[in-house]
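When you get a sec, could you build the whole thing from the sequences and use the hints?
Protein chains in written order, with our numbering: chain A, 1 to 260; chain B, 1 to 290; chain C, 1 to 340.
For the record, the hints were derived by calculation from the structure and aren't laboratory data. Being a predicted model, the structure only gives us computed values, none of them experimental. Note that CB positions come from ideal geometry on N, CA and C, so glycine has one too. One or more of the hints may lead you astray.
Below are the DMTMM-like pairs computed for lysine to aspartate or glutamate, each with C-alpha atoms no more than 20 Å apart in a straight line [claimed, not checked]: (1) K330/C / D144/A; (2) K330/C / D143/A; (3) K61/A / D21/A.
Counterexamples of contact, computed for chain A against chain C with all Cβ distances above 10 Å [claimed, not checked]: (4) W188; (5) L190; (6) N193; (7) M213; (8) I215; (9) K256; (10) E259.
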Amino acid sequence: MDTILECQEVSKFFGDFAALDNVSFSVPRGIIFGIAGPNGAGKTTLFNVITCNPFPPSSGKVIFNGEEIQELKSYEIVHRGIARTFQTPVIFKNLTYFKSVMVGSIYGNLTNLKHNVFGFDRHRYEKKALESLERVGITSKKDDFTQHASLYDLKLLMIASALATNPSLLCLDEPVSGLTDHEIELIWELISNIYKDLGITTIIIEHIMKFLMNISDEVIILNFGKVVCKGMPKNVANDEEVIKCYLGDEYKRVLKDMER
Amino acid sequence: MLVDDFAGILISTLVSGSIYSLMVIGLTMIFETIQYFNFAHGTFFTFGAYFIWYLINISNLNYLVAILLLLPTSFILGFIMQRFIVQSLVEREAGHIILILATFCIGVVIENVILIVFGGRLKRLPYLFEGYITFGEATMSYHKLLILITSTLLLVIFTFILYKTKRGVAMRAVAQDREASYLVGINVKGIYAITVGLSSILACMGGWLMGCLLFITPTFGGDMLSKGFIVCTLGGRQSGMKGSVFTSYLVAFIETTLMRYMPMYNVPPILFLIVIIGLLIKPEGLFVRT
Amino acid sequence: MKNLQYFFPLIILGILLSIPLIAPNPFILQLLISIFIFGQVSESWDLGMGYLGLFNFGHLAFFAIGAYTSGILALYFGVSPWLALILSSLLTFIIGLLFSLVTIRAGSFAFSLISFAFQSMFLHWVRGGGGPAPGKMGEGGATFTGGTLGLGAIIPIPHMQIGSIAITTGINKIPAYYFTLILFVISTYTMYKLVNSRFGLAAVALRDSRTYAISRGINPLTYNVIFISFSTFFAGLAGSTYAHLMGVISPEIIGWSNLVLMCCIVEFGGLGTLFGPAAASFLITSLTYFLAGLSAYKNIIIALMMLFTLLLWPTGLAGAASWFKSWFLKKRERFKWIRF
Numbered sequence: 001m002d003t004i005l006e007c008q009e010v011s012k013f014f015g016d017f018a019a020l021d022n023v024s025f026s027v028p029r030g031i032i033f034g035i036a037g038p039n040g041a042g043k044t045t046l047f048n049v050i051t052c053n054p055f056p057p058s059s060g061k062v063i064f065n066g067e068e069i070q071e072l073k074s075y076e077i078v079h080r081g082i083a084r085t086f087q088t089p090v091i092f093k094n095l096t097y098f099k100s101v102m103v104g105s106i107y108g109n110l111t112n113l114k115h116n117v118f119g120f121d122r123h124r125y126e127k128k129a130l131e132s133l134e135r136v137g138i139t140s141k142k143d144d145f146t147q148h149a150s151l152y153d154l155k156l157l158m159i160a161s162a163l164a165t166n167p168s169l170l171c172l173d174e175p176v177s178g179l180t181d182h183e184i185e186l187i188w189e190l191i192s193n194i195y196k197d198l199g200i201t202t203i204i205i206e207h208i209m210k211f212l213m214n215i216s217d218e219v220i221i222l223n224f225g226k227v228v229c230k231g232m233p234k235n236v237a238n239d240e241e242v243i244k245c246y247l248g249d250e251y252k253r254v255l256k257d258m259e260r
Numbered sequence: 001m002l003v004d005d006f007a008g009i010l011i012s013t014l015v016s017g018s019i020y021s022l023m024v025i026g027l028t029m030i031f032e033t034i035q036y037f038n039f040a041h042g043t044f045f046t047f048g049a050y051f052i053w054y055l056i057n058i059s060n061l062n063y064l065v066a067i068l069l070l071l072p073t074s075f076i077l078g079f080i081m082q083r084f085i086v087q088s089l090v091e092r093e094a095g096h097i098i099l100i101l102a103t104f105c106i107g108v109v110i111e112n113v114i115l116i117v118f119g120g121r122l123k124r125l126p127y128l129f130e131g132y133i134t135f136g137e138a139t140m141s142y143h144k145l146l147i148l149i150t151s152t153l154l155l156v157i158f159t160f161i162l163y164k165t166k167r168g169v170a171m172r173a174v175a176q177d178r179e180a181s182y183l184v185g186i187n188v189k190g191i192y193a194i195t196v197g198l199s200s201i202l203a204c205m206g207g208w209l210m211g212c213l214l215f216i217t218p219t220f221g222g223d224m225l226s227k228g229f230i231v232c233t234l235g236g237r238q239s240g241m242k243g244s245v246f247t248s249y250l251v252a253f254i255e256t257t258l259m260r261y262m263p264m265y266n267v268p269p270i271l272f273l274i275v276i277i278g279l280l281i282k283p284e285g286l287f288v289r290t
Numbered sequence: 001m002k003n004l005q006y007f008f009p010l011i012i013l014g015i016l017l018s019i020p021l022i023a024p025n026p027f028i029l030q031l032l033i034s035i036f037i038f039g040q041v042s043e044s045w046d047l048g049m050g051y052l053g054l055f056n057f058g059h060l061a062f063f064a065i066g067a068y069t070s071g072i073l074a075l076y077f078g079v080s081p082w083l084a085l086i087l088s089s090l091l092t093f094i095i096g097l098l099f100s101l102v103t104i105r106a107g108s109f110a111f112s113l114i115s116f117a118f119q120s121m122f123l124h125w126v127r128g129g130g131g132p133a134p135g136k137m138g139e140g141g142a143t144f145t146g147g148t149l150g151l152g153a154i155i156p157i158p159h160m161q162i163g164s165i166a167i168t169t170g171i172n173k174i175p176a177y178y179f180t181l182i183l184f185v186i187s188t189y190t191m192y193k194l195v196n197s198r199f200g201l202a203a204v205a206l207r208d209s210r211t212y213a214i215s216r217g218i219n220p221l222t223y224n225v226i227f228i229s230f231s232t233f234f235a236g237l238a239g240s241t242y243a244h245l246m247g248v249i250s251p252e253i254i255g256w257s258n259l260v261l262m263c264c265i266v267e268f269g270g271l272g273t274l275f276g277p278a279a280a281s282f283l284i285t286s287l288t289y290f291l292a293g294l295s296a297y298k299n300i301i302i303a304l305m306m307l308f309t310l311l312l313w314p315t316g317l318a319g320a321a322s323w324f325k326s327w328f329l330k331k332r333e334r335f336k337w338i339r340f
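Dropping the structure here:
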């Protein structure tokens, strides 16, 4: 099976503090890959160093489609085909929904400055933006300003603008945090549908085990910047180390207390 | 002759360096704590000089009394500026730039008020102590000695305040982490205002000291601010006491040496060019404290 | 329907075009000429500040580079004023391009500090004269930049001419008026097109959320450089126009009071819009004309206005206009077809 992304001994230090400590794993093409772990484990930092936005790894290699990308600029990595969303929703507060997605559609796909100036085909990018809006289901609001959008819409918008960059790897960072139960179901359905229709390899960071374990083909658990366990969801869920990192070293006692 | 040259350069460097460090400590204090460049700092310089001039010449007060009055007045000036004008912008999370712009405006207002009230003609501030002292071939006026002593004294006092008093510790805490300071109950607003107040004392005293050496005009503080800017950006906005003081003397040395061997009007462009190159090589400044 | 968005600007343009025919008062014409030139300078500064968050302290230095280059070319090298205008604008553009390429890498805060140093450096250099003037004039003692007196004090900078019509702020101001008006309109239109193009989209995206913009493929360096270069181009163009119109150029132009004036115009008009600073230019430049003799009071009032805008009215005139527009639309749904 073909590997789309591989991390080799990736570490990230802030002074003496290791946010990521020799993290290694590989993601085969065409699957849904889950990343979980307690708060502060370094999951978002992992996304940050993979996309070099805002910082690259302190050491280690990130290999995407056979090419080492840890020394590239972040916008170059986007052009190679990695798109990510953010845990706390980010918006372009002065733009409309449509224009926000246009940013992704134009700049995610314009790789050459020459193409930027000569022969710029606005229609092509507008079409792509509309397609993305259609896929997440907010075409009706395309001319609304994002300033007053609901959290749910903002999360959809982030996904739409990510899709508009035509990625071959989609990285979703806690796509459902802060939403109501109903909205959570809708977004998980959307993620499945995107995967089924477009076949884009997807990496998802998530806390809600129910969904993550159901949807992922492979899962990796991080704790204190280190990989605790990786493999198929069933095996990982029952792994002792994993239970320890959520319930602590006294987990056996905790489980017994719970049974009583 | 070379020794003469050397002695002359040394004295000039020490004197200019002391004045610059008075200016720069205040600027760095404000930048570390509240994250902006106080562009009104130069006008506080001017204010200090004119305040003393007014009290001596118009109110006919004793020189020493005038200086003693300057200390609290300058503190209040800075305190008011921060507390009542800049604070609301800080709370609004306005960027560095807006804060700089606001203090720039305040500076313009103060400078022009001084211009209106006192007129634009050059004025002279008399020395506190007249007379000279000689070291072999070189002479140094008592005033210059006073500058050295006063600035060292003020720096020592401020270091003491920053490191030994509760308020000082609070100031340093706020500089390191604003959120955490709120959490431990530090009155951040008050600390900001005190910081600006203290830095204005340094500026106003510097203005008085410098004003005796040069003729005072409403704009001479602005020229000083340019020098302060040079020192601050070269030395690093976050370089702390040691870095700022060192850079002040370094810049004073470069300036004095250049002035010795080059026509006067060529020196400022060269200094600014050095700043630009320095900023390009190391944008955070040369002596950044980690 | 789409063309109606030009409705108000076109009306105002019509009024401006007809002023020399209705009321050819030289004072008003001179005032309007200043408004157009300073408006162009302010709008172009807003390209960097409002759209990208880059405070370019050196903007007026670029205005001066345009003015001085034009003056030097025309006075010392005998270049025709029209050619000098074109060459100096291009030179300013190139210098701006190089300047931004080199300095943007240092970050936006360092950029503002560098531009401050650049401005001060240029001001001091120009005041110092920059060496002897080339040719015969240099031997007569004239300096390259004319020192504190500036260029054109003794022998005025030549003005542009169309046939026998002189474009100057001398006795007959009407040709100068139309020239600056047309230049202002063309510049504003070009800037408008730039801002509403995909380049403007990238700039606004960068300004609103830099990380998000980069994560969608925008290279910040490119757009910072593009906007700053264009901004300096228009400043240089305004500068060389000014030099040829007035016949003199002196270092006071680069002074701090003009910088404060420009910042005030842009802040008061509304950061990040184009028509805001244009409108504010009308108001504030007129204000400075009426306070012309009392420069200290003028400076205080301008500074206080800017403080007032910063503290209490951050969105400026443009903000008021869009508030008014949404209030208006709410009240009268049927007028929805009018677009500001």
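Structure-based check of all given hints:
no.	hint	in the structure
1	K330/C / D144/A	16 Å, holds
2	K330/C / D143/A	18 Å, holds
3	K61/A / D21/A	13 Å, holds
4	W188	23 Å, holds
5	L190	19 Å, holds
6	N193	22 Å, holds
7	M213	28 Å, holds
8	I215	23 Å, holds
9	K256	46 Å, holds
10	E259	46 Å, holds
Of the numbered hints listed earlier, not one is contradicted by the structure.
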